[in-house]
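Number of protein chains: 2
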Amino acid sequence: MPYERNNIQALSAYTPGEQPQSTQRVIKLNTNENPYPPIEPVMEAIRALPAESLRKYPSPAAMNFRKIAAQVHEVSPDQIIATNGGDELLRLAISVFCEPRTSQSSRGGIGVVEPSYSLYPVLAAAHDTSVTSVPLNADYSLPDDLEQKMLAAGVNVLLLVNPHAPSGALIPLRRLDRIASQLQGKAVLLIDEAYVDFATQDCLPLVQKSSGLDNVLLLRTMSKGYSLAGLRFGYGIGSANLIAAMDKARDSYNTDALSQVAAAAALDYRHLAAHSWAKVIQQRERMTSELSRRKWHVFPSQSNFILVIPPPKPDGESASRRGTGTETALSGDAKTPTAKTIYEYLKAHNILVRYFDHEGLRDKLRITIGTPEENDAVLAALDELHS
Amino acid sequence: MPYERNNIQALSAYTPGEQPQSTQRVIKLNTNENPYPPIEPVMEAIRALPAESLRKYPSPAAMNFRKIAAQVHEVSPDQIIATNGGDELLRLAISVFCEPRTSQSSRGGIGVVEPSYSLYPVLAAAHDTSVTSVPLNADYSLPDDLEQKMLAAGVNVLLLVNPHAPSGALIPLRRLDRIASQLQGKAVLLIDEAYVDFATQDCLPLVQKSSGLDNVLLLRTMSKGYSLAGLRFGYGIGSANLIAAMDKARDSYNTDALSQVAAAAALDYRHLAAHSWAKVIQQRERMTSELSRRKWHVFPSQSNFILVIPPPKPDGESASRRGTGTETALSGDAKTPTAKTIYEYLKAHNILVRYFDHEGLRDKLRITIGTPEENDAVLAALDELHS
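Chains A and B supply the protein sequences, listed in that same order. Numbering-wise, the first sequence is residues 0 to 386 according to numbering that gives the first Met the number 0. Numbering-wise, the second sequence is residues 0 to 386 according to numbering that gives the first Met the number 0.
Any given hint could turn out to be false.
Because identical chains share one entry, a pair is satisfied inside a single copy or across any pair of copies.
[Said to hold, decoys possible] Result set (BS3-like, lysine-lysine): computed pairs, CA atoms no more than 25 Å apart in a straight line: (1) LYS185 / LYS247; (2) LYS247 / LYS208; (3) LYS278 / LYS55; (4) LYS185 / LYS148; (5) LYS55 / LYS346.
Everything labelled a hint here was simulated from the structure, so no lab data went into it.
All chains, please: the whole structure from these sequences, using the hints.
Shown next as structure tokens:
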């Protein structure tokens, strides 16, 4: 007899993107890491931490970090919670705000849009709570009746990643404000801003006191903008009532002494990290333009990745739908490469990109923006494939 | 209207021991940290970690650490799970194995003994699951009918800290084997070995394949024996079925790159850490003997702390119960200091020990074993109080 609960027995764990452990040189554009190294003040803070700070328990609530983050984001420290990566914030929010399913009712739970970050429904299943899923429009914008559907299902937390993953599309602030207002008193709006450092807009106005909202929670992470995916440090910014509830339920010492000083240094010196954001944005625009020129469809992205559709058949109907179709890099005789075969071809050439075996995504690839040299290698490999 | 669930609204969060952030010199004997610094190979592993390892996501399942731990403990890597401190292992076990309360039934949940680590019932409350509590004998040994009571309540996980906290008492392996056998097929036995490095016995035989048990899970931590409370790294050793269930439900990247290399170095060089264990044990015996000589009652401890009862009134009945009572350091005219007043007195002298405002513990103090100099200071302060 298994000892675990039924929902855990039934659970399919989240599959992280491949992390090659081999020493072979791999161009890794599959998990949206920043291609530039962490800034030097972060590494210095880590190396300078005295052994004594590891011997003792860390600050349970990461108070020093919270003060710095509060100052940076113009909120108060009780509006900040530090977490063991953004993942912990997501799990905490779901376990604190979502009612588990009962034999009587499957109301409540999380609301998501489809497609979105595939971890959300996994966390809901682990908490044994419902998932209400609403499809996005074809251009990955929100459907007009989203709020209505979520309210009808009685969701406890609506999860929106903004900029959107895997497309990079940005939901306008005004729209999010309207959603939060409509959900107020009934549900929490969790806006996952993992990729916000590469976008032209953030949602801070919704959590600042002047917003009048008490149900908005923003997720931030050090993994992307600050090149610290290996550190596991994220944080939430939200109204104090939401933060206090999660603060009670988090593990007593959920962030460690090293990540606390590293994350504090990252925010203190964010103007240095911003150099990498500018370079990534520049390369994103370049890749968008280079791939578009090669007849790929590139969804407009405000993030550090692009979602792309390989060129259609040179003379087929799909080609004419997509553009002029008069010229293409594809050879006429070979079978047209699909997203999956291109993924495999690139992998064989030591370039990892992300292929999702999910409804609506099987014709697409998500490519993380790399350094200029890494991006050159992607384009060269594709040109070789299509020549 | 609050957004959080009712059980979270009702939750009283765990109160960690005080962590003075001031720069003033404090002798900190209240949270059972190891008084000696982390070993040098650990600090070197942290400082040597390349920036590139922070830029990328860490090994999701801490594979290198698991292999090392498996080798050290003579189990297979699929019997090890790495966690963000021992706290995460406790929370994971409860959320994976314990059925939440329903309107129909409050069966299931965790079983604990009283007194014990006060975090256990807090984690149960956060998961909205029941707590079955059975009082220990006066000498902190297990009552004979423990298994029977736990089975009658239908607990899903029985939590025993061994050596026991806050007393330091050790449950014999044979007894734990019997409990596990009786619970097999019905409940998980989680043995919290946070303090095992200071004891004469561990419970590894119960998780090695020859035991024939499939329901035992050991908790280990780097916080105590390895002087790494600030690192937040723990791990579980158990039968592969239990580990696999928790592995599915943990956060996808629950341990970071720094703590993975540090914990691996700690285990690789554990013979160096063992020097601190020997010194702590020696000082524990010394403090036991010094305080006993001063008419304190000291419970026999196999841990890095001692639970003590201050001397009774010089001529009262409690004195005669406790020993010869012919001499005492207490002045006859002053009010006899209670555990609480001694705690406050020591705190005023910059010595922190732990006072628990709990039934059965209000007459006692828990004192972490410090360096010889720190222990000298405790004895000197107590002698001054009682002179």
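Original post:
Is it within, between, both or neither when you check LYS185 against LYS247 at 25 Å Cα-Cα?
Top reply: Within one copy only: 21 Å inside a chain, 31 Å across chains, cut-off 25 Å.
Original post:
For the identical chains here, do LYS247 and LYS208 meet the 25 Å Cα criterion within one copy, between copies, both, or neither?
Top reply: Only inside one copy: LYS247 and LYS208 sit 22 Å apart there, 39 Å across copies, limit 25 Å.
Original post:
How would you label the pair LYS55, LYS346 (within, between, both, or neither) given a Cα cut-off of 25 Å?
Top reply: between (45 Å within a copy, 18 Å between copies)
**OP:** If the cutoff is 25 Å on CA atoms, where do LYS185 and LYS148 land: within, between, both or neither? Let me know, please.
**Re:** within (13 Å within a copy, 42 Å between copies)
Original post:
25 Å Cα cut-off: does LYS278 pair with LYS55 within a copy, between copies, both or neither?
Top reply: between (40 Å within a copy, 18 Å between copies)
The structure is consistent with each of the numbered hints, conforming to all of them.
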